[in-house]
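Each residue of the sequence shown is one higher than the one before, starting from 1 at the first, in full-length UniProt numbering.
Just so you know, the hints here were simulated from the structure itself, not pulled from any lab data. Please read all numbers here as calculations on a predicted model, not as lab measurements. Heads up, a few of these hints could be off.
Taking lysine-lysine pairs in the DSSO-like style, the calculated list, with each CA pair at most 27 Å apart, reads [stated by the list, open to error]:
no.: 1; residue 1: Lys66; residue 2: Lys76
no.: 2; residue 1: Lys263; residue 2: Lys208
no.: 3; residue 1: Lys167; residue 2: Lys208
no.: 4; residue 1: Lys76; residue 2: Lys185
no.: 5; residue 1: Lys35; residue 2: Lys263
Cβ pair distances, simulated, as ranges [as the list claims (entries may be wrong)]:
no.: 6; residue 1: Leu253; residue 2: Ala229; range: 23 to 33 Å
no.: 7; residue 1: Ser65; residue 2: Ser235; range: 39 to 49 Å
no.: 8; residue 1: Gly25; residue 2: Gly92; range: 16 to 26 Å
no.: 9; residue 1: Arg298; residue 2: Gly204; range: 34 to 44 Å
no.: 10; residue 1: Gly92; residue 2: Ala229; range: 32 to 42 Å
no.: 11; residue 1: Asp131; residue 2: Arg200; range: 25 to 35 Å
Even for Gly, the Cβ is constructed at its ideal location relative to N, Cα and C.
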Amino acid sequence: MTMRVLVLGAGATGGFYGGHLMQAGENVTFLVRPKRHAQLMENGLVVVSPQGNIISPVQAVTRVSKPFDLVLLSCKAYDLDAAIETIRPAVGPETRILPVLNGLNHLDRLDAAFGAERVMGGLCHLTITMDPDGTIRHLHAFNRLTFGARESVQAPLADALAQAYAKCPITVVNSPDIVHDMWEKFYFLATLAGSTTLMRAPIGAILKAPDGLAFITGLLDECTRVATAAGHPPSAERDAESRHHLTMPDSTLSASMMRDIEKGGPTEGEHIVGDMLRRGRDLGLDLPLLTLATTHLRAYEARRTAG
Numbered sequence: 001m002t003m004r005v006l007v008l009g010a011g012a013t014g015g016f017y018g019g020h021l022m023q024a025g026e027n028v029t030f031l032v033r034p035k036r037h038a039q040l041m042e043n044g045l046v047v048v049s050p051q052g053n054i055i056s057p058v059q060a061v062t063r064v065s066k067p068f069d070l071v072l073l074s075c076k077a078y079d080l081d082a083a084i085e086t087i088r089p090a091v092g093p094e095t096r097i098l099p100v101l102n103g104l105n106h107l108d109r110l111d112a113a114f115g116a117e118r119v120m121g122g123l124c125h126l127t128i129t130m131d132p133d134g135t136i137r138h139l140h141a142f143n144r145l146t147f148g149a150r151e152s153v154q155a156p157l158a159d160a161l162a163q164a165y166a167k168c169p170i171t172v173v174n175s176p177d178i179v180h181d182m183w184e185k186f187y188f189l190a191t192l193a194g195s196t197t198l199m200r201a202p203i204g205a206i207l208k209a210p211d212g213l214a215f216i217t218g219l220l221d222e223c224t225r226v227a228t229a230a231g232h233p234p235s236a237e238r239d240a241e242s243r244h245h246l247t248m249p250d251s252t253l254s255a256s257m258m259r260d261i262e263k264g265g266p267t268e269g270e271h272i273v274g275d276m277l278r279r280g281r282d283l284g285l286d287l288p289l290l291t292l293a294t295t296h297l298r299a300y301e302a303r304r305t306a307g
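When you get a sec, could you build the whole thing from the sequences and use the hints?
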């Protein structure tokens, strides 16, 4: 049976995953702002990817008034409150919501707005951007979408979604423990974002500083302690992978949050680094490096919003 899917926005991530669902034969509608609506009506959805391009007309609207089977969210955390109100008319008794956001804090906010029985868990690994003309560019062949049911009532839709994506050039994982998977990305991303924003440098440049390695591994250790105390210790494989990526000499790896700061824009600092600190403090942990990284991000936001 075809799913009725609403994708909030048709930006890089939403356009990519929504476009592939559309190609798989699902009934996909994009809920977008007027400017993006005009682009989609004129040019269609355009995705340029090493795994095959998508150039297709789409169903796009600027408001909704009836429920969908699935709502796909991929907004920034600082836009989540507005997104919740925008999608509210699309959420009925049987609707499931799949947020593909970084961190974990959004789950609490969506649960409060719609009920935990409607809110699935998800994360993605995807290198993607969007040009000013609306063209979505997938920059690296690797991509993985991981999602899963947080409650058993969500399992049928999770299974149907996995079957739909099986028709697409996307690595999909329908996880039996999605919250743990989200923690495994969360602790790594908090380390990456905390270190590269504080130092205004990619990993390789930080490692060239005499105490750079000690700082990065110290911050990683603190985030690992939080995850472990919360009941989600990273697996040995994930720990080894994280340490490898965060200690590679000459690595150009940095968090998109660092680039947001360099542009003078808003960040997801509270949602990722700040939330990691809050969770750790609630568990009684002493986290000096995480405190430093969070204080820096909060000072940046205070200065930015003050003008």
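How the hints compare with the structure:
no., hint, verdict
1, Lys66 to Lys76, "24 Å, holds"
2, Lys263 to Lys208, "24 Å, holds"
3, Lys167 to Lys208, "45 Å, violated"
4, Lys76 to Lys185, "16 Å, holds"
5, Lys35 to Lys263, "22 Å, holds"
6, Leu253 to Ala229: 23 to 33 Å, "27 Å, holds"
7, Ser65 to Ser235: 39 to 49 Å, "45 Å, holds"
8, Gly25 to Gly92: 16 to 26 Å, "23 Å, holds"
9, Arg298 to Gly204: 34 to 44 Å, "27 Å, violated"
10, Gly92 to Ala229: 32 to 42 Å, "38 Å, holds"
11, Asp131 to Arg200: 25 to 35 Å, "26 Å, holds"
In summary, the structure is inconsistent with hints 3, 9 from the numbered list given earlier, while agreeing with the others.
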